[in-house]
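Colleague: Dock chain B against chain A, hints included.
Respectively, the protein sequence lines represent chains A and B. Position 846 of the first sequence, counting from 1, maps to 846 under the numbering used here, and the rest follow consecutively. Position 49 of the second sequence, counting from 1, maps to 49 under the numbering used here, and the rest follow consecutively.
A few of these clues could be false.
Stated by the list, open to error - Capping the alpha-carbon separation at 30 Å, the derived lysine-lysine pairs in DSS-like fashion look like this:
hint	chain 1	residue 1	chain 2	residue 2
1	A	K610	A	K875
2	B	K119	B	K134
3	B	K119	A	K875
4	B	K119	B	K185
5	A	K909	B	K134
6	A	K909	B	K119
7	B	K185	A	K909
8	B	K134	B	K54
9	A	K948	A	K735
10	A	K857	A	K735
11	B	K134	B	K185
12	A	K857	A	K948
Source of the hints: derived by calculation from the structure; they are not laboratory data.
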Amino acid sequence: MTRPTPPIGSESHLPGRTIAIEPESPEGMTRRSALQLMAASLALASGACTRIPEHRLYPYVSMPEAGRGDRPAYYASAVVRDGYAEGVLVGTRDGRPIKIEGNPSHPSSLGSTSVFAQAAVLELWDPDRSQAVLEQLPAGVGTGLDGKASARAAPSTWAAFDEAWRQRATAFEARGGEGLAVLTGCFTSPTLGRQLQALMTRFPKARWHRHAPLAPNAARAGARAAFGRELDFVLHFDRARFVLGLDADPFSQVPGHIRHARDWAGQRAGAGNVAGAGEPSRSFAVETTPGLFGARADERVAMAPAAIEALVDELAAGLAAVAGSPSIGSPPAAPVSPLSRRLIGHLSSAGKAALVVVGPALSARCHAQVAAIHHRLGAFGHSLDAIEPVDGVDGLAPRSLSDLVDAMDGGAVDSLFIVGGNPAYDAPGALEFGAALQRVPFSAHLALHEDETSRRVVWHLPASHEIESWGDARAHDGTATIVQPAILPLYDTRSPIELVALLAGGGRSDGHALVQEAWRQRRAPSQAEAGEGDAADARFAAWWRDTLSAGVVAGSAAAPASIAAASVITSPAPPRATAIVAVFVADASVGDGRYANNGWLQELPRPLTKLTWDNAVVLAPRTAARLGLATGDVARVTAGGRHVEGPVWVLAEHAEDAATLPLGYGRSVVGRVGNGVGFDAYRLRGTSDAPLPVTIEPTGARHRFAVTQHRLDQMGRDLARTVAPGQSLPKAPAKASLYPPVAYPDHAWAMVIDLDACIGCNACTIACQAENNIPVVGAEQVAAGREMHWIRVDRYPADEAGGGSIFQPVPCMHCEDAPCEVVCPVGATVHDSEGLNVQVYNRCVGTRFCSNNCPYKVRRFNFLQYADETTETLKAMHNPDVTVRQVGVMEKCTYCLQRLSRARLHAEKAGAPIADGDVLTACQSACPTLAIHFGDLNDAASDVVRAKRSPRHYAMLDELNTRPRTTYLARVAGAASNAAPPGKEPT
Amino acid sequence: MPQVFDRRANLAVKVAMLAIVLALVAGALVWGATLREFSATGEPQSQPIPFSHKHHVGDVGIDCRYCHTTVETAAFPGMPSTHTCLTCHSQLYLDAPALAPLHRSATAGTPIAWRQLHKLPDFVYFDHSIHITKGVACVECHGRVDQMPLEWRSAPLLMQWCLDCHRDPRPHLRPPAEVFSMTPKPPVADGWARSVSLQSIRRMTDCSTCHR
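This is chain A alone, in the form it adopts within the complex (with noise of 0.2 Å):
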């Protein structure tokens, strides 16, 4: 170095500046500086050398009674969506939640799970949650939406927030609870209405409002007209033979979705596919928005909802004119058209066994005279039952969020306490809920985010999250399950029931004790327990320990109810709308915007649109040609004074003369990941359910979505079989190979594949995410072809089922001659002595020559260094039976690797061989209609044997000669669903 370095301070330290140390450089750089920069660097890289990282060891300062094991510790528990329990165990290790699992024995997930359950881990460790007491400065309330209100909101205590209420409780107590109000969500947690049964005893004048942007209200008033008071209804998929689903969608999103996919492919695995064992049902779904039920029905039709409720106002009048003898195939008196003569004919022949699911979206009128097709049918009982709505409280009837609105405007909420839900995103904009919000003087928030409300409220509380809190929460058949925590709260927040107990008074109790007297009183009168003492308190201990063990309180699932005659609806058809209406949805992904700033969900690919990181104004290919509008436009539409912009996706499988605009996007304040993404859907929507009438106009902007499948054909390759009822594929002749034979006489692990059951929910790419260490890697990679799915779900229009789709998902193969390993110049990738294809990270160089030779094009690379290695809660959340990759290392499906050494070192250690079912992967235990068969090719018993041996079974593209391990079974075509039922149909 000849010349020194400048005094820090001088110009060349500022930023900007340092190329004018040498002014007189026309090009900026000289010999001069260019040594001074390689001086630095040198400098800078000797710095950067370090002694080997000196390694600690924290033992426990006191044992846990546990102790520490391998095996995952499971704790039976529920996730909550929408008020109602999914049932899962919490996968545990060292006491750190890292996985779910479906609890088998929970009626809702029979051991399978959703996406939301899988992704409710990453919500939990989320680094973005609110983690402190924050309260609004006053000069903060009442003033400006802009968002930026949250630099007046200063950090709190909870002790500060209890004594603030406790001075208005006192006040209140005087007036009756005059100006309280408190808003909920749906929920069906029996300990929180207990708590709001005691806030209303306290207080008689208070006011309970629930708001939910996607509550079943049409369902619930369809069957308050039809039978005078609300019900919810159980679906039993399993005994109805012919399914018509009604711009409904049964196998996602709504309550009990998976036991529905579950027991409908139960029934067509156990008919369909076994000749002789009579026909499997029928199913036909006709539908605005198309979702996964359309994508697996028989036969689907797509129609605007107006056309949809015409269809019902025909099913109803010709199912009038043939009820009392459901054999006659006379046609009915009314015209009506063809498709609806051919439905009538498969309802009536179905009779008992027939099903339809309405969807929330049509109108009260429809879910009545839906129901009153049931009663006729004698479905009641049979392939349906009704049962008193899960989410009740006794002697409570909520209000409305207009209604609190309309209180809030005119003055008369003194102190408004919002448990849970974000009402100032997600309430319709018709509403203006923000606005009236801020003229509550007294308002808090509990929310596990500080999201959109927490910004204009006085108070924002920090939630619990459910695997880190005590409460209680029903099935959609009304089975309850206690949700117990798996870890203490990471941070000093509150469960609602914990909050609403404070309301009520009786001071701070803990969720635990909440829960267990709710139970206690419960149980009291019926049971056992009645009576006081020790032995009553045994019982009721013995009892508590048993149903935390099971996951489920037994017997607790709900009664038939008993239904009177459903009442005929008369009424005229209101007028159909003209223009096109606008049908809102939740998001298959974020659903109403709760897991915006959820990464998992985020990256998930939508199920049939293969979008990733975004929603879209989703529209026919004929009405978007009509309106100018094309895949990536941006469009405007307008309703009411309203209006959104958004991207516009023309789906095929789109009815036209509709829009389906999903929700839960454009959210500001919610985190890193969820802020900004998407389009609000909310801002249009107004405060009826009905679909909305808009108009969509071009705005002359693009815009580049993420997408991971760009192709719908199957270029003639064959991918995604299918076959007809009974029929096998042929046989692939057995090729020669250049490849030595390889013997594994120890396992063969291998997979099958059903493409019959799969409904391509995703549970198996989210499992997958969860159990791998799987990095997220935003939409930006995604839309660059860099997505790190393991397992995808690739969608293919099928040909013969009137815009159906076959999913199939694809793994890594485990190719036995595996074109990657040859290409390979380090050796890291190879084939282990199980058949399994397994990539050596501490080998890669990051060639990617391995992923360009792959045939199917599983192997993910590495290109930036997408795992988070930094963020502490994130860094917890990972297995740690696997390894977290680094940049520039290939990874790929390992069939769940860390599953099979557990098993096998316990069965090494235990001294018996692992048996048939020990190892499942991840993507297998998740699967809702257990489409995934996985084990050993050397157990001649073994479940994938027996799949291997079905004659739906192919290998895909078997001409590469690859010989994959991972293979499929072929789709089985409705080939049966355009004909009519036998002898049934009216001419």
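Modeller: Leaving out everything else, chain B in the frame of chain A:
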């Protein structure tokens, strides 16, 4: 045609070639030094508490499993909790200055930060329990800890060293009753080692056995 390079270029080429050779040598030396540092054996390591295996194992005769509780059941052998130490040290050597960190840990509820001697890279999944089950004695890898006043590493823990045993494990095995013994391998063990059921050598040398 004039000369392309002038005479001085010869010197530059020679210097450059010498520099390349020197760089290679230097690189090899750095690599070797790094490897030695990773695999250094026989160097006693200081610890927050100068714990002596020699005293506890050799003189007092405490079984390995008294402190390393999960060595037979889990991948990680388990490090004794503060309260495990206090089983005796709530009575013995209460005033010893060396034990002050132990009592501080118990009072404050903070763990004792032991230096880790046997650290494998994160992509290596070593499991103690299966090695114990199959008859690999503690002393095979950890050496005569009963003679170590301060613990040192007695094996390099390099992959080559692992493979030496995985390719021919039987000479290193002894009956379960002898696994926790510090004495040299008894001759009776050879007969036993021949009878023990092991995975195939191919399986034991698969990448996926240790890496995933």
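Colleague: Holds or violated: K857/A with K735/A, Cα cutoff 30 Å?
Modeller: Holds, at roughly 23 Å.
Colleague: Please work out if K610/A and K875/A have their alpha carbons no farther apart than 30 Å.
Modeller: 29 Å, holds
Colleague: K857/A and K948/A were given as a pair; does the straight-line alpha-carbon distance stay at or below 30 Å?
Modeller: At roughly 23 Å apart (the allowed maximum being 30 Å), K948/A and K857/A satisfy the hint.
Colleague: Are the Cα atoms of K185/B and K909/A separated by 30 Å or less?
Modeller: Given pair K185/B, K909/A holds - Cα atoms ~22 Å apart, limit 30 Å.
Colleague: Please verify whether K119/B and K134/B have alpha carbons no more than 30 Å apart.
Modeller: Distance ~22 Å between K119/B and K134/B Cα, so the pair holds.
Colleague: Below or equal to 30 Å on CA atoms is what counts here, so check K119/B against K185/B.
Modeller: 26 Å, holds
Colleague: Between the alpha carbons of K909/A and K134/B, is the straight-line distance 30 Å or under?
Modeller: 8 Å, holds
Colleague: For the pair we were handed, K119/B and K875/A, check the Cα-Cα distance against 30 Å.
Modeller: 19 Å, holds
Colleague: Run the distance test for K134/B versus K185/B: straight-line Cα separation, threshold 30 Å.
Modeller: 15 Å, holds
Colleague: Given the hint that K948/A pairs with K735/A, does the C-alpha gap stay at or below 30 Å?
Modeller: 18 Å, holds
Colleague: Given the hint that K909/A pairs with K119/B, does the C-alpha gap stay at or below 30 Å?
Modeller: 24 Å, holds
Colleague: Take the C-alpha atoms of K134/B and K54/B, compute the straight-line distance between them, and say whether it is at most 30 Å.
Modeller: 26 Å, holds
Figure legend: structure checked against the earlier numbered hints; every hint is met.
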